[in-house]
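Chains as they are written, first to last, in the numbering used here: chain A, 302 to 693; chain B, 17 to 317; chain C, 64 to 293; chain D, 53 to 228.
Keep in mind that the hints were calculated from the coordinates and are not lab data.
In silico BS3-like pairs for lysine-lysine, Cα to Cα no more than 27 Å straight-line:
1) C/K280 with C/K113
2) C/K70 with C/K284
3) C/K255 with B/K47
4) C/K113 with B/K76
5) B/K76 with C/K104
6) C/K276 with B/K76
7) C/K258 with B/K76
8) D/K222 with A/K619
9) A/K611 with D/K220
10) C/K254 with B/K47
11) A/K332 with C/K89
12) A/K361 with A/K329
13) C/K255 with B/K76
14) B/K76 with C/K254
15) A/K555 with D/K73
16) A/K611 with D/K222
17) A/K332 with C/K284
18) C/K73 with C/K276
19) C/K284 with C/K104
20) A/K619 with D/K73
21) C/K117 with B/K76
22) B/K76 with C/K267
23) C/K104 with A/K329
24) C/K261 with B/K76
25) C/K89 with A/K329
26) D/K73 with A/K611
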Amino acid sequence: MFSFKPDRSQYPAPGPDGKLQIDLETGKYLKLWQGPNHPGITGNMSVELTVCGDEVVEGKTHVGYLHRGFEKLMERRTFIQVFPIVCRVCVPEPDFNEYCYAAAVEDLAGIEAPEYAQWMRTLILEMGRFNSYMMFLGGIGGALGLGITGQWMTYVRDLMLDRFEELTGARIYHMFILPGGVRGHLPEGFEGRMEEVLDTAERYLADIDRVMFSNSVFKTRTKGVGVIDPALFEPYGVTGPNARAGGVAKDLRKDSPYLVYDQLDFEVATATDSDIFARATVRRADVQTSIDLIRQILKKMPKTGPAMAKIPNVLHWKIPRGETYIKGECSRGEYGYYLVTDGTGYPRRINVRGPSYTHAMALLEHLIPGTNISDVAALMVSLHTYPPEIER
Amino acid sequence: MTFEWIQVPYALATLFIILNYGLLMTAVVRKLAARVGGRPGIPVWQNYIDLVKNFALRSKINHGVMYYLGPVFRLSGGIGLILFVPTIYGSSWAQNFSFAGDLVLALYFIFFGTLGMALGAGESGHPHSAIGVSRGLAQVTTAELPMALAVYSLAIQYQTLSITEIVAAQQGGLFNWTLFTNPLAVVAAMFAFVGTMMRSPFDVVLAPQEIPIGPPTEYHSAYLALMQTNRAIFPIAKTIIYMNLFFGGAANWAEFAIKVFLLYMIPAVIGVVHPRFRVEQSIRFFLKWGLPVGILAILTV
Amino acid sequence: MKDVDDKFLKNLDRTVPLREELRPRKVTTPDGQEIEIEPLKDYFCEAAPKVHAKSYFPIVEDFYNWARANSLWILGFGTGCGAIEMRPLMTPRFDAYRYGIQWRPTPRQSNLLMISGYLSVKTLKRAIRAYEQMQGPKYVVGLGSCTINGGMYWDSYNTIKRLDQYLPVDLYIAGCMPRPEALLAGFMELKKLIKAGKCEGANKYAENFATYKANQKSVIKDWDMPDYNW
Amino acid sequence: MRDIHALLKQRHRLGPLEPRKGGLAFVTVPRENLRGLLLELRDTHGFTHLVLLTAVDWMEDGLFQLTYMLNNRGRDLTLGIRVMIDREEAQGDTIHDMWPTAATYQRELKEMFGIDFPGSPRLDEEFILEGWTDLPPYRRDFDSLAYSQQTYAERPGRVTHDPREYMKSKLYPDGV
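All chains, please: the whole structure from these sequences, using the hints.
In structure tokens:
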């Protein structure tokens, strides 16, 4: 009925080097900085937008506001001293760093973590994944002005953090998975209390279904917006839920089972549209998978057993020369640690492969041109990026 | 219309009551949103403290004359609206300065604040302000369209442009309200009401996630305090107009408080559970739903 | 503490040139006029902050301080990992709104800058800018051990070690990272300080402006601020 | 993995295959053959996913090792391709035309290691650091602690212990 198609003939033409010819002094374009201090940005990063009217013609991601030089600091620490700082690489889901680092060290040092530790690690990772998805579901509502989902989801996340606290003694940085195993056993009555949390979570998620996913305004805002062409998945290194939303059932938990995922029973959720709505629904389904997995793990895991394998004296721990790459499916995609040792007591090089690295940089810059300013925040949240793992 | 000096303190008293009522209502609405989220929320007197705090800030930065006048225009829009609208029907002192054609003036004042804000925010020079203002003007223009049509419809129905006379015509029972005598006009006007109360799904003007709170981005200290005062007065004043035109007005302060509260809660409740529209989506929404209903209301009178 | 390690000497020769778009130049306006612009002068205020006196009557100042303490508007700028514990503060479990603490998206309207964790040099520049945009009296709270003495990033080449060298800090909350309960306790402590009239950070900053600027410039080498970067 | 290695070994002058557990293997290739190898792996053998691109500084040997990690989802194979380049004239070949996302990695390598990738887009723009004037920080000869001590003011009172000595004194206070 009313069609508001933007007039694209006014757009800047790409020059010979493929870059857009934008002359700010013509007054036709406006530079907008979103971030780092901006409520619509996921964490501490910024997007430099060039807008023409309400349409964005160019977007550049700027990161580095959280750079601490982790990969350098790790080279200066012994293998056990690295362990407390790895979790700081990614704040909202720190456990994956601990697991990847521990598994990489175990791989190179030839240590096998005991079975109980394997189950425990899977439990911790699923709990962390649940927390991360809670942040996402709150964030995507918040980015579109539906603050209530953020309130509910953060509350549920707090409940899960209580269970983390009970298990590990810390709310955010758990430092529970260390090379050789895990730090402890399940406390008495943990299963019952976890079941209460999961029940509450399911109740709140049903509310989210009603308020967010069946809300017509939410659908209007998200359907058909920010579509990633599935042909771009490989060139841009898209993994995890972002790829699953485009119909590609990529999930390392199924494709390349690690820990005890081959003994667990779960389905990989996919969607077809590859837009913001599809990415949100895939994550909503994944939360359910996570809840089911936590229940299964608590039922199937051995009740007792050693939590730690025997590791050498950490003060004299030298690992022979070698290199390895350990990967896993975190809530955002493929998370991996590339560890190189040179036979001394210090790692030669550790490289963290965070999924946000490709999602927030090359992919986001590719997706932003042509969107509305209003959609930039939702688009960024829907890619589920955490800046600390980009710059480390 | 005769003018008597006693009207001045009377009008100021009305203004004072409405200011306090508005400050409390704003807090109540925020408490409502907090309760839906499961929080206790701010104390109800928080707005007063915020006002005092903002007036008490020591430093202020001025970006120019219009920057200074922006909040002043905005506030005069709110106060002007109150002064020319009869608040309590039949009361000798809460009539304010209402006169035969006050409906037209009221419609003008509804728009006046937005225009003043546009000038002020433009002078502040912040790109987010400029974007917010252009969004705001575009959306308010289309959102007020159904309201204007509904007012025409009422003018035809009651053969007057005086709010007092429209209220008088609605007295004598529930079914004399415009709500029942001209329901289409009420529906059209309610579109405008929800659309201009700055709550979701039509709060793209402020949209913190896109353009950090839009037009007032650069406003601070006493300037912001002026705008906060207006944020308390203006929605109540607007609600009074709607109450007078469509819901039978109020014969005493208790009836006023209840009716305004209920009307005020409509956009608040809708806002809690909805995300926001993009600006062109909300424009489309008003043109698609509000405009035809408004035209129908005129045709069926 | 170890002595300074002088086997490695940092490079002092190179300086960062001013970015091209910030150099003075001639431009043609859309209507064909040719004007000279000097972005750093035109876009930024060069005036140093002023010391603002307290109210003349102590009772008025006490009343104002009471209002300031009960209406703390926090700038929602998550500078480090501590930002993740700010969100539970706004939500049901630890609702900080009931103490009059609110989040504002723009620095102009906020009074409290939370430095939530370590500050890399790049963020420090933005934090300083945000702080200078805020209106006095304004307060700074440093969160976590990394703002106090570097914490676990004591040997990092990109994070500062002492926040109070660069901004006037009113309160530190220790921990890595501080729990929400600790944050709430910190806010209560800050309120007490404000009510007692001890939080004069803005005036302190204005009085020692030269020192603060020298400290900031010794760390931030790329000292041109992009416009509207906050 | 062995079949692919055997197939490509002669043509691309591959080094010996170093398998690790779980479908992961590493192989060394001369710089001239890198592009052809990557293209063939991507187009013919299903290694379509560029997992990461990073560098390792072997300062003692005067070499940088560039690691291109490729993944074949269908067969669950991960191949790490090592390219040794000279540390003095550090220069690699850009692969941003094969994987656009590689441009980001190359920007990071340029900034953090000082490895040049001629032709890569926005290579000289600042990526993570801002106004950095010193050596590229990830090089081994850049001393992070010394730089930090010389640049940032420290709060007095911080004590650093050698972990070995400290533990000994805690565990055996009598000096046994």
